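One letter stands for each residue in the lines below.
2 protein chains.
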Amino acid sequence: MLELIWKNLEKADELFIPGLSIDCVIIGFDGEQLKVLLLKWKGADAWTLPGGFVLKDEDLDTAAKKITYLRTHLKNLFLTQFEIFGRVSRNKLDPKIELDIPNLFKLPARLESWLAQRFITIGYLSLVKIADVNPKPDVFSEECAWFALDEIPTLVFDHQDIIDSALDRLRKQLNFLPVGKNLLPEKFTFPQLQKLYESILRQPLDRGNFQRKILKLDILERLEKLKEGKAHKAPYLYRFNQKKYQQKIEQGIGFL
Amino acid sequence: MLELIWKNLEKADELFIPGLSIDCVIIGFDGEQLKVLLLKWKGADAWTLPGGFVLKDEDLDTAAKKITYLRTHLKNLFLTQFEIFGRVSRNKLDPKIELDIPNLFKLPARLESWLAQRFITIGYLSLVKIADVNPKPDVFSEECAWFALDEIPTLVFDHQDIIDSALDRLRKQLNFLPVGKNLLPEKFTFPQLQKLYESILRQPLDRGNFQRKILKLDILERLEKLKEGKAHKAPYLYRFNQKKYQQKIEQGIGFL
Chain C
-8 MLELIWKNLE
2 KADELFIPGL
12 SIDCVIIGFD
22 GEQLKVLLLK
32 WKGADAWTLP
42 GGFVLKDEDL
52 DTAAKKITYL
62 RTHLKNLFLT
72 QFEIFGRVSR
82 NKLDPKIELD
92 IPNLFKLPAR
102 LESWLAQRFI
112 TIGYLSLVKI
122 ADVNPKPDVF
132 SEECAWFALD
142 EIPTLVFDHQ
152 DIIDSALDRL
162 RKQLNFLPVG
172 KNLLPEKFTF
182 PQLQKLYESI
192 LRQPLDRGNF
202 QRKILKLDIL
212 ERLEKLKEGK
222 AHKAPYLYRF
232 NQKKYQQKIE
242 QGIGFL
Chain Z
-8 MLELIWKNLE
2 KADELFIPGL
12 SIDCVIIGFD
22 GEQLKVLLLK
32 WKGADAWTLP
42 GGFVLKDEDL
52 DTAAKKITYL
62 RTHLKNLFLT
72 QFEIFGRVSR
82 NKLDPKIELD
92 IPNLFKLPAR
102 LESWLAQRFI
112 TIGYLSLVKI
122 ADVNPKPDVF
132 SEECAWFALD
142 EIPTLVFDHQ
152 DIIDSALDRL
162 RKQLNFLPVG
172 KNLLPEKFTF
182 PQLQKLYESI
192 LRQPLDRGNF
202 QRKILKLDIL
212 ERLEKLKEGK
222 AHKAPYLYRF
232 NQKKYQQKIE
242 QGIGFL
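So the sequences go chain by chain: C and Z. Every letter in the first sequence is one number past the one before it in the working numbering, and letter 9, counting from 1, is 0. Every letter in the second sequence is one number past the one before it in the working numbering, and letter 114, counting from 1, is 105.
Since the hints were derived computationally from the structure, they do not count as laboratory data. A couple of the hints might just be wrong.
Just so you know, same-sequence chains aren't split out, so a pair can sit in one copy or run between any two.
Capping the alpha-carbon separation at 25 angstroms, the derived lysine-lysine pairs in DSS-like fashion look like this [what the hints assert, rightly or not]:
| # | residue 1 | residue 2 |
| --- | --- | --- |
| 1 | K2 | K47 |
| 2 | K235 | K163 |
| 3 | K163 | K204 |
| 4 | K83 | K47 |
| 5 | K239 | K186 |
| 6 | K234 | K163 |
| 7 | K163 | K207 |
| 8 | K172 | K127 |
| 9 | K204 | K239 |
| 10 | K218 | K178 |
| 11 | K178 | K204 |
Here the structure is a predicted model, which means the values were calculated and not measured.
One chain only, chain C, in its complex shape (with noise of 0.2 angstroms):
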């Protein structure tokens, strides 16, 4: 499977749709923080987001599936389209990355203007449990690792856009996203949960405030406490009603 993407690339001009991609914002949460998956291609000091190219026959959700499999051997993602990009040189490199694509590729010299046209993507965003995935790096990559938003590094075009856009609809649709169910683990704590809420909000939550609210939404299920410290002090386990949280998600989670 993995040895397609590169027979396809070198006919890419033959089987992509021309100046379409996609490229997947893979967000995490390691408890602490939220994180997002980067590649580093072979041969150059440049980091990516996970993307590639759509089938000429092939539906746009299809191909973000077995974009980021192929590209990061994850599967069964959570995978939704949240913008498309399309300035006019957004594809244009850095001139402070150093990079010749077709080289590096080893691609056909043919390949080079189709390449070099203008390109615009589908950003699709993904939301995964760190502890539960091991995203590997493709033929094209020498690293697939998670970095902190804080620790991003200096990334080509104009992914870390991406990146931040995603954040950005990642709050704004919090009420809709199925955040902490596809990001916590499957038993947390109600702080981990505060947590989470407020990495995505980027603001500091009242504890009480946010206990009462979540507790209203009646999609909880309280488990035995967490097996750490003091007993009389260890915080008590939860997990989501997978029913109500649903439908909750559907409606609209009224955190907000």
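Dock chain Z against chain C, hints included.
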């Protein structure tokens, strides 16, 4: 300016990005219900969203502005991209609609295959005050008219899906879109504001709760009473405090 689109269309294959279009869902509110602006193609019984193509060296937002102006004569619209539609066969015509597009628009035969290729379209949402605008059909259209959402005629391609998706986005981003400011007249009553929110959320809202939530936001200025009916029963008029309104929209208006 309107002539330009004719000339451009004859050279569509040279001038425009292949396979990419923009369609605009222009939403208004008449005090009672939401309406959408549609065009009827000349010489065919087919209604469409105002749409068009993107020049090879044109930013997407610039193209969206130009397209709405060229096709409906509306200027300076609030426009925001909401989704990209890319199902493989989305621009196949419903066989129930008999339409020969190149012939209809008197286009060179050369363009037949250009028009028949797979098109991906970017949906833009616009919110306008119906009473303040005077839409007119363009050279391709014989009518340009507002339709209540439950009276939309059969539309070409997937334009009904595009409208449904725009309304869904309007509901989900209600807290971050200038809904009240763009859809209501400058001065409005509380019942009008409530009706607008009810139309978007498609559910009745409790009057007391709604009033309390909105007043707590501190974005309204109370004006004189509406000069209608018996003076002691007349409702007060309100307007938005522009500065506070803008701040709240950026933070999330916290209504939902």
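Evaluated hints:
no., hint, in the structure
1, K2 x K47, "both (12 angstroms within a copy, 23 angstroms between copies)"
2, K235 x K163, "both (22 angstroms within a copy, 19 angstroms between copies)"
3, K163 x K204, "both (18 angstroms within a copy, 19 angstroms between copies)"
4, K83 x K47, "both (24 angstroms within a copy, 15 angstroms between copies)"
5, K239 x K186, "both (20 angstroms within a copy, 23 angstroms between copies)"
6, K234 x K163, "both (23 angstroms within a copy, 20 angstroms between copies)"
7, K163 x K207, "both (21 angstroms within a copy, 20 angstroms between copies)"
8, K172 x K127, "within (24 angstroms within a copy, 48 angstroms between copies)"
9, K204 x K239, "both (13 angstroms within a copy, 20 angstroms between copies)"
10, K218 x K178, "within (12 angstroms within a copy, 59 angstroms between copies)"
11, K178 x K204, "within (19 angstroms within a copy, 34 angstroms between copies)"
Violated hints: none; the structure is consistent with every hint.
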